[in-house]
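> Sequence:
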Amino acid sequence: MIDGKYKFEVDVPFGRKEGTIVLRAEGNTAFADIDAPVIGKKHMEGQVDGDTFTAQGSGKVKLMGNIEFTAVGTVSGDNLHVDVKSNKGDFVIEGVRV
1 MIDGKYKFEV DVPFGRKEGT IVLRAEGNTA FADIDAPVIG KKHMEGQVDG DTFTAQGSGK
61 VKLMGNIEFT AVGTVSGDNL HVDVKSNKGD FVIEGVRV
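Just so we're aligned, residue 1 is where the sequence shown starts under the numbering used here, counting upward by one.
Keep in mind that the hints were calculated from the coordinates and are not lab data.
Hints should not be assumed to be uniformly reliable.
What the hints assert, rightly or not - Here are the computed lysine to aspartate or glutamate pairs in the DMTMM-like style, where the Cα-Cα straight-line distance is at most 20 Å:
1. K5 to E45
2. K42 to D90
3. K60 to D35
4. K60 to D90
5. K5 to D35
6. K60 to D3
7. K85 to E68
8. K17 to D35
9. K85 to D35
10. K85 to E26
11. K85 to D11
12. K7 to D51
13. K60 to E26
Make a model of the complete structure from these sequences and hints.
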């Protein structure tokens with residue numbers, strides 16, 4: 001089950017910063033409320049299959065301009081792992097349920 005609030009750290013151009021992701025699944029739809037460095041507060045929707053979720057999107061990001069991305073995440077116990085691929089570079093988010 002992916003539902004929960006997760007704290008994470010991510011490396012950004014000005015150091016390592018903390019953020020949160022609240023995940024929720026309804027049927028095959030995943031919802032994510034993100035509060036993260038650089039991107040700020042965002043709401044996203046995607047698909048969920050068990051403990052794996054995917055989302056695609058685009059938007060304007062501070063200091064980076066327009067960004068297009070694909071995110072694939074998994075939840076294992078209380079651990080969150082998300083691989084993000086974007087036109088501005090790829091990165092990984094590792095978090096833990098709080």
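> Each hint needs a verdict: does it hold in this structure or not?
Hints and how they fare:
no.	hint	in the structure
1	K5 to E45	holds, 16 Å
2	K42 to D90	holds, 18 Å
3	K60 to D35	holds, 15 Å
4	K60 to D90	holds, 16 Å
5	K5 to D35	holds, 11 Å
6	K60 to D3	violated, 27 Å
7	K85 to E68	holds, 8 Å
8	K17 to D35	holds, 11 Å
9	K85 to D35	holds, 18 Å
10	K85 to E26	violated, 25 Å
11	K85 to D11	holds, 15 Å
12	K7 to D51	holds, 17 Å
13	K60 to E26	violated, 27 Å
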